[in-house]
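Residue numbers (this note's numbering), protein chains in the order written: chain R, 1 to 309; chain X, 1 to 309; chain G, 1 to 309; chain F, 1 to 309.
Since the hints were made in silico from the structure, they are not lab data.
Don't take every hint at face value.
Said to hold, decoys possible - Cut-off 20 Å, straight-line C-alpha distance, at most; resulting in silico cross-link-like pairs (SDA-like, lysine to any residue):
hint, chain 1, residue 1, chain 2, residue 2
1, X, K280, F, V126
2, F, K238, F, A208
3, X, K176, G, V293
To be verified - The calculated label-pair distances, taken between Cβ atoms and stated as ranges, are:
hint, chain 1, residue 1, chain 2, residue 2, range
4, G, E38, X, T120, 55 to 61 Å
5, F, A27, X, G22, 38 to 44 Å
6, G, T111, R, R190, 30 to 36 Å
We put the CB at the ideal spot given by N, CA and C, even for glycine.
There are 4 protein chains.
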Amino acid sequence: MTLIDKMTGVYPIAPTPFLPDGSIDWASAERLFAFYREIGSDGLTVLGMMGEAPKLEPRESLDLLKCALRHMGDKPVIVGVSAPGFAAMRSLAREAIEQGAAAVMIAPPNTLRTDDQIATYYAQSVEAIGADVPFVIQDYPLVTNVQMTAGVIRRIVTENPSCVMLKAEDWPGLEKITTLRKWQAEGSLRALSIMVANGGLFLDFEMARGADGSNTGYAFPEMLIDVVRLSKVGQRDKAHDLFDAHLPLLRYEQQPGVGLAVRKYVMMKRGILASDAQRKPGSVLGAIARGEVDYLLERLAKTDPRAKV
Amino acid sequence: MTLIDKMTGVYPIAPTPFLPDGSIDWASAERLFAFYREIGSDGLTVLGMMGEAPKLEPRESLDLLKCALRHMGDKPVIVGVSAPGFAAMRSLAREAIEQGAAAVMIAPPNTLRTDDQIATYYAQSVEAIGADVPFVIQDYPLVTNVQMTAGVIRRIVTENPSCVMLKAEDWPGLEKITTLRKWQAEGSLRALSIMVANGGLFLDFEMARGADGSNTGYAFPEMLIDVVRLSKVGQRDKAHDLFDAHLPLLRYEQQPGVGLAVRKYVMMKRGILASDAQRKPGSVLGAIARGEVDYLLERLAKTDPRAKV
Amino acid sequence: MTLIDKMTGVYPIAPTPFLPDGSIDWASAERLFAFYREIGSDGLTVLGMMGEAPKLEPRESLDLLKCALRHMGDKPVIVGVSAPGFAAMRSLAREAIEQGAAAVMIAPPNTLRTDDQIATYYAQSVEAIGADVPFVIQDYPLVTNVQMTAGVIRRIVTENPSCVMLKAEDWPGLEKITTLRKWQAEGSLRALSIMVANGGLFLDFEMARGADGSNTGYAFPEMLIDVVRLSKVGQRDKAHDLFDAHLPLLRYEQQPGVGLAVRKYVMMKRGILASDAQRKPGSVLGAIARGEVDYLLERLAKTDPRAKV
Amino acid sequence: MTLIDKMTGVYPIAPTPFLPDGSIDWASAERLFAFYREIGSDGLTVLGMMGEAPKLEPRESLDLLKCALRHMGDKPVIVGVSAPGFAAMRSLAREAIEQGAAAVMIAPPNTLRTDDQIATYYAQSVEAIGADVPFVIQDYPLVTNVQMTAGVIRRIVTENPSCVMLKAEDWPGLEKITTLRKWQAEGSLRALSIMVANGGLFLDFEMARGADGSNTGYAFPEMLIDVVRLSKVGQRDKAHDLFDAHLPLLRYEQQPGVGLAVRKYVMMKRGILASDAQRKPGSVLGAIARGEVDYLLERLAKTDPRAKV
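This is chain R alone, in the form it adopts within the complex:
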């Protein structure tokens, strides 16, 4: 549980590379994790929502984790273990920690409604995976359809000492970060890492609100790293300048449903992935959309040369 000191900076959410035939593209996986390490990621998350986790066999999930761990070395790797049943959640969580994962991430099932239901679900999850397994709360109502107030998050954190981080991706979410940090300052909430996500759409302001860093996907994680770094050293204008240059593409990539297709397409153009294929069922980027992304990349490249692909 000492992990909490390390949960800062940028932890990209890794996609799972597939070949057009639907099998895992291990060569791209190796390249992808090496890439994340090289650009200076502080950690990594695999098997998240954008990792197509429910389409993987249990063995594939573990192999992907091992591949990530090999490349990330001493950098923490978080593993998504959200599952419809606690049996599957426990099984993956225990194996992941045994392999060397730093923490697991749990999103609430979309049937939860009341505050009590949400808090109870996390208590039961902890009972299932074991109180010795550090875990991350994923607060992403746009996708999970579960609305957690700041108060519910505080309750979960307080009731479960193994909670080490909040993946904050509510939308809007700025005031929630401010509220949680205020409670910590007042002493009514213990220390907790807050990493922001939701595709990075408000990263430019979230750092000043008190985020420890970013835990999201975007085809240019280098930008996330730069913005987090610039924010931390007080270079506000520079951080916004870079962020704003990427915003048109980032916004395009952040569309629900098709976002992963955009991300994989750009990462393929960047030479990181061999293919932008998704395992079935997946979305495909049409010709017009690809043209739109190409155009956005061209425009971005004028400011950020890394976008020249």
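With chain R held as given, fit chains X, G and F onto it using these hints.
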């Protein structure tokens, strides 16, 4: 706010009678309210969910209320004022109280999710209608899609002194009644009338759980009155015998969506309503369904002669 | 795919027996499946919603299926394979069929909204499990929150030749059965078994509407068998008499969430299960509720001696 | 029904100005509508979702419409008439048309799920308001929670000749526009105006996809007008340059729930509104958020001098 002493017994939920051309059938309305009074109803609710309230013009709503008030005399009449906007809610609530209504009933809009949202909504409603207007919480998640825990109900009741009653129609709902009554016994919840509903589906057990009475519709409100009375005098078996005889029909009438068509059809057969018409858009009972209801009535009539129609 | 001729009569939905420590109670499982066979069940479904399937490890699921197959002999066994990912669904479906299961049952995930999404989901499921695996559509909006019109069901049946049955548990659902049967009479829908469920709440009328039988749980499956049999030989009044006697208890057992606790409690009292335990997380029947069920059993026993426990 | 030829360009969605005491700020309303006319708006929509329509009394709604009509002269004014009941919808629609409104806009209630339910709802709406009243479909699933496929939209348009426009604000929505335009090219869908919205978040690409213009709110409607104009004359890069400069602020304003507070705050800083007050219940912009908006305005002003406030 002295109303609370009176909120006991059976308050039927009144349908709104229409002619086949969609206009209000005032002759049936007079007959209907006279019927409710004659059978010994302790009060009445108009403009509830089953009263087709959103299809009425403001003037029609008020005229229907006045008609009910004339017949019910000193018996309390509750008025449903749920509305998408507080302007409409306030306007109807103030006029209703002025006309002599005893209280208003407010159901939460189906967009509410967290405990805070629900409690805030009721606080805002009270601000809109005025803290001097007694109100009823309608807890009907099957229809509203809003899940209120016992804790949230306690919070609403505690924060709003003008709350005089809970219309309890959660499903399952027996334990919630028990919890609220336990809190009252312990002193952590103030006095509050609890009237049960959900079509009466669990009335046989709800009285023993602590309900003050029933506030629901059913084509034979006399049965509700008898079961409540028998329960109060400790005639448990007799109460169940009568309830069980009605259960096959009651269950048929309690189907979502088509229930009102069943109720109006039976009340038409009983000679209370001239027509089973609903104002558009409404559901219609097909020939097979009418035959099924006729058969259920025949069977019921063997035990309860009031079902001979 | 010749299964369709056999899908008639009563296929109980089996609960999964657990010991108080959370492990599977294999002795009770043997007794349970022997019981289903002895009372004359025409088939069986395991790993359905009420079978606590998501709490089982893959190996446990298969072992439970094998146990059921051993007892049911030549009677068809259907296996619930609903899963959040197609990998898990495929894996269980293929293994189940290999072991001797007659068909698999698929409920739609609660994220589906439009007609196209629903039809596409079933097409993708068939692609995942293989077009040679007979499957059952589970239409249970009260739980899945997915609303399938009769038209969507026809589309799924037409597009997927391996669809052999509809588990019809919409509520209200009588008109949907009538519509589907009318379409079959007109020739716009191919032959398809329709087995009704939703706890049996409308079994008394569903048979006359055209159901082939019942595919639901209830602590007295013998009643379902009797009602189906009596309905088929035209003994309408007798079928209703028996059904009505059970309705107070059946209604109590059909409550969302707590229903399984009621069912297991009664089956424990009947000596079929050694314990009414659910694997965590599960609901527990309080003392008052147990007393209510006991009272309902006493009353039922006056009419149906099988309820003397 | 000749309106369709005119539905092109930019129709801002007007907020309703309030004074801090909650009364309508008529002086600001006059200034606001004059502003929309002066900057070259091609039309206007009042009483939309962002117009706080459900908080207005019927008389206030009509007065606001009249005020807008006076200023817009021969420019079409669309009126939101979404309501929970057809009585209220009809009443407002008929009065609005009588006063000179060009069309009414109808959003589906959030209870609709299946394709049939959605199509039926629009048919019933047309029956309620009259087939002679031109209407606009509002397709905004992020807020309404109703998912309309392109096929359902085609069905509504085909079944209801009085449908004159689609307010397209699905997210993602680019492919839907392309599909509808393709169907029109193929002749399977009649002529229909498509105006895009969702805060303008994809306006830069929507015009090329086939949109006729924009029908949304944003504190700088001049930008929407410029981007639509530049797109129409083929100045793609220039359109994107201007759009991209506004995107950081536009994204900030497009946050669910707090968006209107941002919009009103900016319009107050621009001198268009006297106050950024919302009628209760409304959201308020905190001090940190106001600082963030101020900073975004400063940055924008470097590119677009209209943002100097």
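X:G22 and F:A27 - C-beta distance against the hinted 38 to 44 Å = At roughly 43 Å between Cβ atoms, X:G22 and F:A27 fall inside 38 to 44 Å, so the hint holds.
Would the pair F:K238 and F:A208 pass a check requiring their Cα atoms to be no farther apart than 20 Å?
-> Answer holds: F:K238 to F:A208 is near 14 Å, not above 20 Å.
Does the structure keep X:K176 and G:V293 at a Cα separation of 20 Å or less?
-> The given pair, whose Cα atoms are some 17 Å apart, holds under the 20 Å limit.
Take a look at whether the Cβ-Cβ distance between G:E38 and X:T120 falls inside 55 to 61 Å.
-> holds (57 Å)
Could you grab the alpha-carbon distance between X:K280 and F:V126 and see if it respects the 20 Å cut-off?
-> holds (12 Å)
Supplied distance hint 30 to 36 Å, evaluated on CB atoms of G:T111 and R:R190 = Between G:T111 and R:R190, where Cβ atoms are some 34 Å apart, the hint holds.
Of the numbered hints stated above, none is contradicted by the structure.
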